[in-house]
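Going line by line, the protein sequences match chains A and B. Here my numbering is used: the first sequence runs in plain steps of one and ends on residue 410. Here my numbering is used: the second sequence runs in plain steps of one and ends on residue 1080.
It is worth saying that the hints were derived from the structure and are not from the lab. Just so you know, nobody snuck in bad clues.
Only some residues are given here: those of chain A computed to face chain B with a beta carbon under 10 Å:
#1 C24
#2 C27
#3 F28
#4 P30
#5 K109
#6 T133
#7 A137
#8 P156
#9 D193
#10 V199
#11 R205
#12 S237
#13 S281
#14 P303
#15 A346
Computed footprint of chain B on chain A; a stretch qualifies when at least three of its residues, placed anywhere within it, have a C-beta under 8 Å from a C-beta of chain B:
#16 122-132
#17 180-192
#18 287-298
For each residue, glycine too, the CB sits at the ideal point set by N, CA and C.
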Amino acid sequence: MAFASALHCRECGREYPIEPNYVCDFCFGPLEVTYDYDAIRKSTSREKISSGPMDMWRYDDFLPVSRENAVNLGTGMTPLLKADNLGKMLGLNNLWLKNDAVNPTYSFKDRVVTVATTKALEFGFKTLACASTGNLAGSVAAHGAKAGMETLVFIPANLEYGKIIGASVYGPTVVTINGSYDDVNRLCSELADNHAWAVVNINMRPYYSEGSKTLAYEVAEQLGWRAPDHVVAPLASGSLFTKIWKGFNEFADIGLIDAVRTTMHGAQAVGCSPIVKAFDSGLMHAKPEVPDTVAKSLGIGNPADAYYVLKILKETGGSAIGVPEDEVGENMILLAETEGIFAETAGGVVISALKRMAKEGRFDPDETVVAYITGNGLKTQEVVASSVHPINIEPNVEAFEEKVLGANSN
Amino acid sequence: MASRRVKITFPEVLVGRPLIYKLGSMFDIVTSIRRADVGPETGWVILELQGEEEEIKKAVDWALEQGVRVDPITGDVIEG
Ligand SMILES: Cc1ncc(COP(=O)(O)O)c(C=O)c1O
Ligand SMILES: [Zn+2]
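Chain B with its partners taken away, still in its complex shape:
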């Protein structure tokens, strides 16, 4: 079992979509939300994805295809 901690950011057009629910139902992973702030214009969710490494990767790739951003919870780690 692996786990990945990520921040998912939604653009306006995707805010109403049940993306987190689908991540859990379409892929063999468990999602655990820790913090979130979702408004009418944009939103973000900080969550843990648990499952096999391969499955997490597939889930993240699918989420990216839907048009959300998936970032490490540390923000950008490449500094100037």
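Only chain A is shown next, with the shape it has when bound in the complex:
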């Protein structure tokens, strides 16, 4: 059963009913879901959660919809892997990787989209929509198909072919838009205001973003019911980051884990790093910029949740790390070679930030550090394509001995 009781404005606190609404009429601040935590406290327990389904819906007491109605592709309960090889390199004895690259559409977006789609159906919407450069498009298209909804996906016209296919295969209407990044943004937000669509990250946003809290719940449960000492996560709009923090704190408030003392660190590639720049200049608001980065999934130049991210960074004594563009691919490869995980560019950004912080001595060697890997490398192969070198030989033993063994022995 769902314990969501209202929406509240994150700026002025005014309350609104549970409706497809995302902005406060009074101050235009963003709305967030309010829960009846007393009721959750009575309903939930470690035992109840542990015996739930092996996906993120085991935490539905903390989500704005219940699992009976969920449009569910089996998202969540992804592996939390102890990274001993990479840990040894960085001098960390307790490094863990939350591998969300293995979700149904290969990114953490399935967590937010399953919640948004379920809520959209509950509200009676017939059409599911989003504007995306990749991961979100694929996830919305897949969930729309599963839900039997009309699905509309808007993408910038210059997107790579592979990403267009990755969304189109599920059968949505795909609209490619000509224009600058800012033009496409403005158009999509205008369209959302004037149609009866459930746009997952606009009018469904308060519900949508709650799905990311499960990234914290799962890690807490997988670590044996505790929050880690450090989190390193990627930043685009900042939603994922703020919801990981919220998730740990909700678990503590309900009494499922001890008080949270996690230090939160966020990572962006320098080609799109409005939050890092604000953090470095001591500002609480990010100055919008036009993204120009290989980490396309993190290319949000005007992040909606920048202020809330900066607040968490300050509160927890965390850091915002800007990663040089040429380190992104290098660290995708490092992660693959040390831990056997092929992450997309956002993962390269996280590993690069982790490495920099480890070098600077930001972690004690025995502290528990969790790095979030949020998307799959098969989606951004072009970034590492020039670094792989298969050895081509003729089909005979001599050629093998000469070119492969010979090459390895020198």
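Based on these hints, arrange chain B with the ligands on the given structure of chain A.
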């Protein structure tokens, strides 16, 4: 009547200019400020523009020509 909710961000050189006042006086629209933070270096104002669709569009185009940014209050809606 239409209404548009926008965030206007000022670069340093424009912070001292009465841009919001001019939007209301040069165009047939009503501006209603909801939140703002303006400092010596940059500033932003979140406001509602009310008027005929055409007039709002003209006002926004003029503001863009002056060198400010005009964004949807949701921030970027194209996600990765
Ligand atoms: C793989 C990946 N990681 C991280 C993010 C960042 O998410 P958020 O916008 O919630 O900060 C995105 C999405 O945009 C993404 O696609
Ligand atoms: Zn408000």
